[in-house]
Amino acid sequence: GAGVSQSPSNKVTEKGKDVELRCDPISGHTALYWYRQSLGQGLEFLIYFQGNSAPDKSGLPSDRFSAERTGGSVSTLTIQRTQQEDSAVYLCASSLERGSQETQYFGPGTRLLVL
Amino acid sequence: AQSVTQPDIHITVSEGASLELRCNYSYGATPYLFWYVQSPGQGLQLLLKYFSGDTLVQGIKGFEAEFKRSQSSFNLRKPSVHWSDAAEYFCAIFNAGNNRKLIWGLGTSLAVNP
Chain R
1453 GAGVSQSPSN
1463 KVTEKGKDVE
1473 LRCDPISGHT
1483 ALYWYRQSLG
1493 QGLEFLIYFQ
1503 GNSAPDKSGL
1513 PSDRFSAERT
1523 GGSVSTLTIQ
1533 RTQQEDSAVY
1543 LCASSLERGS
1553 QETQYFGPGT
1563 RLLVL
Chain G
8 AQSVTQPDIH
18 ITVSEGASLE
28 LRCNYSYGAT
38 PYLFWYVQSP
48 GQGLQLLLKY
58 FSGDTLVQGI
68 KGFEAEFKRS
78 QSSFNLRKPS
88 VHWSDAAEYF
98 CAIFNAGNNR
108 KLIWGLGTSL
118 AVNP
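Going line by line, the protein sequences match chains R and G. The numbering used here numbers the first residue of the first sequence as 1453 and each following residue consecutively. The numbering used here numbers the first residue of the second sequence as 8 and each following residue consecutively.
If you're looking for bench data, these hints aren't it; they were derived computationally from the structure. Be careful, since some hints might not be right.
Said to hold, decoys possible - Taking CB as the label site, the calculated pair distances span:
(1) R:G1455 x G:I16: 46 to 52 Å
(2) G:I16 x R:S1461: 24 to 30 Å
(3) R:R1474 x G:E22: 23 to 29 Å
(4) G:S25 x R:V1526: 39 to 45 Å
(5) R:K1467 x G:D61: 48 to 54 Å
(6) R:E1549 x G:A24: 35 to 41 Å
As the list claims (entries may be wrong) - Quick look at which bits of chain G chain R covers, simulated, 3 or more residues with Cβ under 8 Å:
(7) 46-54
(8) 106-118
No residue lacks a Cβ here, since even glycine has one placed at the ideal position from N, Cα and C.
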């Protein structure tokens, strides 16, 4: 009965390095979402997966951001050549897609700090 | 454009007092509305949701919210606040269709005085 898990919980990196953030959704959940929460910006949508496909990548802030999902389960968000403005909490959510009546359940987030 | 507005950035109440957090939305279709709570350093926990039916919905921790279509509002209420309710509260609307995602308000920070 585990919820959504994310790793690492905290990540400190140097500007210019690449980072990978991992999300393990609730078992059986078909939809997976990534959001970013930063000071002054609130919560913003990054990307949505339906199974392993990402029909909507419109929220990714730049081409340095990419994400994939494998086996309809685990997802990885990769940020290349990190910048200080990438510092934020990255939240993952999963849900059972039921038309429009869908509830997203969130993980604890990964707090990323780019020095 | 779809949007969610939480007019109050910060609210302070005394323990035991009643609470109402405001949420207004702009959405062209049937809204699916949520309230989430985030305690310091924690993820987002679902408090309650409205999909259809009874416009007064009950949630966890003694919270309730009322959907008022005429006012485009979904205000969160609690009759008697506890110190442990101090947290950040977010209202969100689900955007279905091709661009599935939650659209968020900026949040209301709640402080509780003893």
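Going down the list of hints, with the structure as the test:
{"no.": "1", "hint": "R:G1455 x G:I16: 46 to 52 Å", "verdict": "29 Å, violated"}
{"no.": "2", "hint": "G:I16 x R:S1461: 24 to 30 Å", "verdict": "27 Å, holds"}
{"no.": "3", "hint": "R:R1474 x G:E22: 23 to 29 Å", "verdict": "39 Å, violated"}
{"no.": "4", "hint": "G:S25 x R:V1526: 39 to 45 Å", "verdict": "44 Å, holds"}
{"no.": "5", "hint": "R:K1467 x G:D61: 48 to 54 Å", "verdict": "51 Å, holds"}
{"no.": "6", "hint": "R:E1549 x G:A24: 35 to 41 Å", "verdict": "40 Å, holds"}
{"no.": "7", "hint": "46-54", "verdict": "holds (count 5)"}
{"no.": "8", "hint": "106-118", "verdict": "holds (count 9)"}
Violation of the numbered hints given earlier is confined to hints 1 and 3; the remaining hints are satisfied by the structure.
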